[in-house]
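**Q** For what it's worth, this note's numbering labels the leading residue of the sequence shown as -3, then goes sequentially.
You may find that some hints are simply not true.
Label pairs and their calculated CB-CB ranges [as the list claims (entries may be wrong)]:
#1 K174 <-> V86: 17 to 23 Å
#2 T153 <-> G71: 31 to 37 Å
#3 P99 <-> K179: 15 to 21 Å
In silico SDA-like cross-links for lysine to any residue, where the CA-CA straight-line distance does not exceed 20 Å [unchecked claim]:
#4 K228 <-> S55
#5 K9 <-> T20
#6 K179 <-> I166
#7 K179 <-> V93
#8 K179 <-> E161
#9 K228 <-> R213
#10 K194 <-> G245
#11 K156 <-> V85
#12 K164 <-> L97
#13 K156 <-> P99
#14 K164 <-> V93
#15 K194 <-> M244
#16 K164 <-> S184
#17 K15 <-> R255
#18 K162 <-> P99
#19 K156 <-> Y108
#20 K62 <-> I233
#21 K62 <-> V232
#22 K194 <-> T91
#23 K228 <-> W33
#24 K15 <-> L25
#25 K194 <-> I89
Hints in this document: simulated from the structure, not taken from any laboratory.
Even for Gly, the Cβ is constructed at its ideal location relative to N, Cα and C.
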Amino acid sequence: MTEYSQNQARYLKRLLYRKRLIATARILLAVAFFILWETAASLGWIDSFFFSSPSRVVSTAFSMAKEGALFLHIGTTLAETLISFGLVVVLGILTAVLLWLFPSFSQVLEPYLVILNSLPKSALAPLLIVWLGANVRTIIVAGMSVALFGTILNLYTGFKETDPEKLKLIYTLHGTKKDALLKVAIPSTIPLIISVMKVNIGLCLVGVVIGEFIGARQGLGYLIIYGSQVFKLDWVIMSIAILCVIAMGLYAILGFVQRHYIKKF
-3 MTEYSQNQAR
7 YLKRLLYRKR
17 LIATARILLA
27 VAFFILWETA
37 ASLGWIDSFF
47 FSSPSRVVST
57 AFSMAKEGAL
67 FLHIGTTLAE
77 TLISFGLVVV
87 LGILTAVLLW
97 LFPSFSQVLE
107 PYLVILNSLP
117 KSALAPLLIV
127 WLGANVRTII
137 VAGMSVALFG
147 TILNLYTGFK
157 ETDPEKLKLI
167 YTLHGTKKDA
177 LLKVAIPSTI
187 PLIISVMKVN
197 IGLCLVGVVI
207 GEFIGARQGL
217 GYLIIYGSQV
227 FKLDWVIMSI
237 AILCVIAMGL
247 YAILGFVQRH
257 YIKKF
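Kindly generate the complete structure, drawing on both the sequences and the hints.
**A** The following block contains the structure:
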């Protein structure tokens, strides 16, 4: 028992050491990239007007933050992303459940869902502007369009792969389709739902930015397109960097939720 405990302690120690090593390597890689970028801009290896530099990006961010404009743009993009993400999760789960409950209905709709999922969503954005107008609603719909159909297909596939033996047990005990859904299908698909959510949060952010490119007066997507038009490339690179931070933060939150669920169950 003591030997087992010692071996387990050594294994956990090695695992912790490996995690710390990977985290350190990630940080060092990022630091090396920014140092190289700043050095290249300072020494004239690259044109700082076109490629900017970390110091110029930070200076631009502080300047816009003092004016309050930066927080307005970040808040707008973040709010639109979260709303579109929430709607995608709700509509995706509800639609996948309906397809699972009515197999004939799913057989009719499945090829159309595949077609809609394969459409280039950036090509739909101009049409959405014409149909719905240049407003927040259009941007939210653009964010939803990137992730919704893939979510439905993935979750529906997950529901179909529910353990048939567990379903047979429910029906053997005179359970209904509702019992099979609530007691077997959905609980067994929760890990898949969380994994799909982790992917979708980034897709919704991409869709929102695409919508802001075309029909917005606020948001980081608007800053990118406007900055490129007036050659304020510091704005462009700063906005891209902030979008990366937002994407990593949202992904990390969902990763925490996933780890918490795994530990709990």
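**Q** Next, verify each hint and record whether it holds.
**A** So, going through the hints one by one against the coordinates:
| no. | hint | in the structure |
| --- | --- | --- |
| 1 | K174 <-> V86: 17 to 23 Å | holds (19 Å) |
| 2 | T153 <-> G71: 31 to 37 Å | holds (36 Å) |
| 3 | P99 <-> K179: 15 to 21 Å | holds (19 Å) |
| 4 | K228 <-> S55 | holds (13 Å) |
| 5 | K9 <-> T20 | holds (16 Å) |
| 6 | K179 <-> I166 | holds (9 Å) |
| 7 | K179 <-> V93 | holds (13 Å) |
| 8 | K179 <-> E161 | holds (13 Å) |
| 9 | K228 <-> R213 | holds (16 Å) |
| 10 | K194 <-> G245 | holds (11 Å) |
| 11 | K156 <-> V85 | holds (18 Å) |
| 12 | K164 <-> L97 | holds (15 Å) |
| 13 | K156 <-> P99 | holds (10 Å) |
| 14 | K164 <-> V93 | holds (18 Å) |
| 15 | K194 <-> M244 | holds (10 Å) |
| 16 | K164 <-> S184 | holds (15 Å) |
| 17 | K15 <-> R255 | holds (15 Å) |
| 18 | K162 <-> P99 | holds (19 Å) |
| 19 | K156 <-> Y108 | holds (18 Å) |
| 20 | K62 <-> I233 | holds (19 Å) |
| 21 | K62 <-> V232 | holds (18 Å) |
| 22 | K194 <-> T91 | holds (19 Å) |
| 23 | K228 <-> W33 | holds (18 Å) |
| 24 | K15 <-> L25 | holds (15 Å) |
| 25 | K194 <-> I89 | holds (15 Å) |
Violated hints for the displayed structure: none, as all numbered hints are satisfied.
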